[in-house]
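*Asks:* Put chain B on the given structure of chain A with help from the hints.
Single-letter residue listing:
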Amino acid sequence: DAGVIQSPRHEVTEMGQEVTLRCKPISGHNSLFWYRQTMMRGLELLIYFNNNVPIDDSGMPEDRFSAKMPNASFSTLKIQPSEPRDSAVYFCASSPGTSGRAREADTQYFGPGTRLTVL
Amino acid sequence: KNQVEQSPQSLIILEGKNCTLQCNYTVSPFSNLRWYKQDTGRGPVSLTIMTFSENTKSNGRYTATLDADTKQSSLHITASQLSDSASYICVVSFSGGYNKLIFGAGTRLAVHP
Numbered sequence: 013d014a015g016v017i018q019s020p021r022h023e024v025t026e027m028g029q030e031v032t033l034r035c036k037p038i039s040g041h042n043s044l045f046w047y048r049q050t051m052m053r054g055l056e057l058l059i060y061f062n063n064n065v066p067i068d069d070s071g072m073p074e075d076r077f078s079a080k081m082p083n084a085s086f087s088t089l090k091i092q093p094s095e096p097r098d099s100a101v102y103f104c105a106s107s108p109g110t111s112g113r114a115r116e117a118d119t120q121y122f123g124p125g126t127r128l129t130v131l
Numbered sequence: 685k686n687q688v689e690q691s692p693q694s695l696i697i698l699e700g701k702n703c704t705l706q707c708n709y710t711v712s713p714f715s716n717l718r719w720y721k722q723d724t725g726r727g728p729v730s731l732t733i734m735t736f737s738e739n740t741k742s743n744g745r746y747t748a749t750l751d752a753d754t755k756q757s758s759l760h761i762t763a764s765q766l767s768d769s770a771s772y773i774c775v776v777s778f779s780g781g782y783n784k785l786i787f788g789a790g791t792r793l794a795v796h797p
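Line by line, the protein sequences give chains A and B.
So the first sequence is numbered by my numbering: it starts at 13 and just counts up by one.
So the second sequence is numbered by my numbering: it starts at 685 and just counts up by one.
Isolated chain A (complex conformation):
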């Protein structure tokens, strides 16, 4: 298995532009997570999907951020309009959830991340 796939790996954009980050979870995993990582705040959960349904979006910073999961193999995180303070590494992670053994059900497998720079 190729693991969690994210694209692009790097994104540089100007303030005000729309940014779309993409994620392909591990096949068969029921749960998908979007995180943001900065030096100041570490890893922060943005949103959690279970079976393609958003369960917890309390970490989404504001209305400029939106996430979708149209099917079990694809998710997007969109920022519109982007701001310099959005600069961070954005990780997507997936976990087996109820499809896995109990002990490993919530082990999260992270993608390589997208490094976003907003100028």
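Simulated from the structure, these hints should not be mistaken for lab results.
No experiment lies behind these values; they were computed from the predicted model shown.
Treat the hints loosely; a few may be bogus.
Claimed, not checked - Non-contacting residues of chain B with respect to chain A, defined by C-beta distances greater than 10 angstroms in every case (computed):
hint, residue
1, T704
2, Q706
3, F714
4, N739
5, T740
6, D751
7, L766
8, P797
As the list claims (entries may be wrong) - With the C-beta cut set under 7 angstroms, the calculated list includes, among others, these residues of chain B facing chain A:
hint, residue
9, G727
10, P728
11, S730
12, N783
13, F787
14, A789
Said to hold, decoys possible - Simulated restraints on C-beta separations:
hint, chain 1, residue 1, chain 2, residue 2, range
15, A, M51, B, A752, 22 to 32 angstroms
16, B, F736, A, L131, 41 to 51 angstroms
17, B, D751, A, I17, 35 to 45 angstroms
For glycine and all other residues, C-beta sits at the position ideal for the given N, C-alpha and C.
*Replies:* Relative to chain A, chain B alone:
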């Protein structure tokens, strides 16, 4: 408030030496505790997982301990190698809901030759 605190913030050791990283948590109700390793430019990778009934777990040269009474965990690295240079993140699973993960800020370890 559910929190995970790690110490030290950073650590430098010489290749071949041992080291111990600390984690204190206030997460309740608690489901399990993991240590993740994050190499520079990569996503975190799970090293060990322990439930409240387990007090030690090994993965090669990595040994994690857990004291659920004092809510403390440690990660001991034996005979360090240059490839151990990474951030080590303590992650506690909060079982009041969907097993949400609460992340520590991490300890940045540098192993020098």
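*Asks:* Of all the hints numbered above, which does this structure not satisfy? Sort the numbers upward.
*Replies:* Hint check: nothing fails, all pass.
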